[in-house]
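Chains as they are written, first to last, in the numbering used here: chain E, 1 to 356; chain Y, 357 to 631.
Treat the hints with care, as some may be off.
In silico contact screen, one side only, chain E against chain Y (beta carbon under 7 Å); selected entries [claimed, not checked]: (1) 55; (2) 57; (3) 59; (4) 71; (5) 73; (6) 76; (7) 220.
The set of hints was computed from the structure by calculation and includes no laboratory data.
Since we're looking at a predicted model, the values are computed, not measured.
Glycine is no exception: its CB is placed at the ideal position from the N, C-alpha and C atoms.
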Amino acid sequence: MTEDIIQVTGLTKTFGGVVTAVDAVDFSVPEGAFFALLGPSGCGKTTILRMLAGLEYPTAGSIRIDGAEMVAVPPNRRPVNMVFQSYAVFPHMSVAENVGYGLRVAGVGRADIAERVGAALALVRLDGFEARRPDQLSGGQRQRVALARALVKRPRVLLLDEPLSALDANLREQMRLELVNLQHSVGITFVMVTHDQDEALSMADRIAVMEAGRIRQLATPYELYERPANRFVAEFIGAINTWPATVGTAGVAVAGLGELALDTGGRPAGPATLAVRPEKIAISHAEPTAALIRLPATLRQHVYFGNESQLLFDNPTGRTMVVSVANRDREQARRLAVGSQHWLSWRVEDSMLLDP
Amino acid sequence: MSRAGNPFDYARRWWMRAILAASFLFLYFPIVALIAFSFNNSKRNINWRGFTLKYYEKAFANEALHDAFINSMIVASISTLVSTVLGAMLGILLYRFRFPLKGAYEGMVHLPIVIPEVCMGVALLAFFAAIKMPLGLTTITVSHIAFTIPFVAVVIRARMAGFDRSLEEAACDLGAGQWQVMRDITLPYLKPGLIAGAMLAFTLSLDDFVITFFTSGPGSTTFPIKIYSMVRFSVTPEVNAASTLLIVLTLGLTVVAMWVQSRGDGGAGARKEGA
Chain E
1 MTEDIIQVTG
11 LTKTFGGVVT
21 AVDAVDFSVP
31 EGAFFALLGP
41 SGCGKTTILR
51 MLAGLEYPTA
61 GSIRIDGAEM
71 VAVPPNRRPV
81 NMVFQSYAVF
91 PHMSVAENVG
101 YGLRVAGVGR
111 ADIAERVGAA
121 LALVRLDGFE
131 ARRPDQLSGG
141 QRQRVALARA
151 LVKRPRVLLL
161 DEPLSALDAN
171 LREQMRLELV
181 NLQHSVGITF
191 VMVTHDQDEA
201 LSMADRIAVM
211 EAGRIRQLAT
221 PYELYERPAN
231 RFVAEFIGAI
241 NTWPATVGTA
251 GVAVAGLGEL
261 ALDTGGRPAG
271 PATLAVRPEK
281 IAISHAEPTA
291 ALIRLPATLR
301 QHVYFGNESQ
311 LLFDNPTGRT
321 MVVSVANRDR
331 EQARRLAVGS
341 QHWLSWRVED
351 SMLLDP
Chain Y
357 MSRAGNPFDY
367 ARRWWMRAIL
377 AASFLFLYFP
387 IVALIAFSFN
397 NSKRNINWRG
407 FTLKYYEKAF
417 ANEALHDAFI
427 NSMIVASIST
437 LVSTVLGAML
447 GILLYRFRFP
457 LKGAYEGMVH
467 LPIVIPEVCM
477 GVALLAFFAA
487 IKMPLGLTTI
497 TVSHIAFTIP
507 FVAVVIRARM
517 AGFDRSLEEA
527 ACDLGAGQWQ
537 VMRDITLPYL
547 KPGLIAGAML
557 AFTLSLDDFV
567 ITFFTSGPGS
577 TTFPIKIYSM
587 VRFSVTPEVN
597 AASTLLIVLT
607 LGLTVVAMWV
617 QSRGDGGAGA
627 RKEGA
């Protein structure tokens, strides 16, 4: 078994001895992975990234990168480079000077610098921009400069702090794909911090979901979405319908849904939460077969997004249900009129049983 | 009369223009008069008697005035150099670090800006007497450094307020040590502030009267003090000529400083074209 490139154990950071930003976090990142730290603001994800870069000293714990202990190593001697949220492109230097800066301070020769800067700029498709000043660049171009400037150092790990948050929506979608492709082509391990679940799901191959300084689940995007380990992860990633439930010997009892023959997955008897994702629910006029979990409902509100609609239903459980449907033909949205009666149903195996 | 146009277009109101004109007149008329009468062919500054340059010749030939000017330049140059370095360090310290009693410390270092100059002069005189330092150019220079540092610090602090810390972090992340970060990132960013701070310190030192008056000794007369001693007898066009020279010098320095600043940016642009 090859050793993971990043191994973090017991990493803790307290500010002023009062606020615990990061609380005894353990994780490791395999070489070549695209790893994302995902969580709401203030969950400690950026603090972890800054500790990996060496810009923040841990209060306790260990950071090993490429097998070497990093905690006492200053940021300028770590085999990692960072793309800052603001990009931090040096305003008084040209694009070429920016990208070449890390090589210049490392004492690389002029000819070498020029060649590697050229290659790095080609990698981010900024060839020909060498002489531009940062104030002549768009936000997306500045981000590419920051990327090239970090990649030209050939780091073992590239750290990205909210890399897409400063871009406008269209460019953001495009850059997601580009960053993933770039990571594939350079083969460097990426660690990204983001608060945007779509960004993390679509880009990363491993995601650590954080809350209040702790990792709540570390898994692949598929596992996080389809098999969340707890309610926090389930509710943070994507929309979800939940009901208070009781695990008994025969199955799971939910008010308004009756006794369901669910696989309890070893969950002990007692209170729990039944959950189902909005897109797993089918809408029909006729009552569905008894094999499905089903209930009658009245459409209360129709939220139209164009490509899909979110439908809010009143139903006997007393909890408003969210159902999302793709608008697969032009007339579909019109057929779902507010006040109309429907049956909602989903397969037993699409249900989740979570902590109360 | 119609009042069409932007409600905030105050520059179009006649009363606003009148106030503006009055302000300019109030500010600049005395200076214009001073310069004009330096060319007046009369022993007194009351009536215009024709154009002459003879008072400039007289001012240039006045050896005492000459020496005073040299003294002022020496004091201003040395004190500007020292107070720009110390003031910049102070400004960066106030921007960057947090420590106990910082508020009190900040108030104290800014004291020379608000304290009456007379008090500062008396205090410095008492200090030099206590340490038995003979009064002369050295004591003047030390005093000028002491009272110009906070002005430089304020300018640098204001410049640092708009600084993006992540620029320094990025440089460090790319492998630069602390001194390299200072040289490559922080100082280039501070350059306009350093030039502005130095200019301020230089002009404050050049025309300081009160503090210099207390801390100067025999044979260490500076330009403003010399002019004052000449005026005590009568305001002759020679005084006007000397003052005009001082105005020209400060204006010239300002223009040079602005030119250096703009060339600094343009020069970087030219370098990139060559690369």
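Hints versus structure:
Hint status for residue 55 of chain E: holds, given a least beta-carbon distance of 5 Å to chain Y, under 7 Å. With 7 Å as the threshold, the beta carbon of residue 57 of chain E stays out of range of chain Y, its nearest partner Cβ sitting at about 14 Å, so the hint is violated. With 7 Å as the threshold, the beta carbon of residue 59 of chain E stays out of range of chain Y, its nearest partner Cβ sitting at about 18 Å, so the hint is violated. For residue 71 of chain E, the interface hint is violated, since its Cβ never comes within 7 Å of a Cβ in chain Y; the closest pair sits about 16 Å apart.
Look at residue 73 of chain E: its Cβ only gets to about 12 Å from chain Y, farther than 7 Å, so that hint breaks. Nearest Cβ of chain Y to the Cβ of residue 76 of chain E: about 5 Å, under the 7 Å cut. The hint holds. Violation of the interface hint for residue 220 of chain E is found here, the shortest Cβ-Cβ separation to chain Y being roughly 29 Å, above the 7 Å cut-off.
The structure shown violates the earlier hints numbered 2, 3, 4, 5 and 7.
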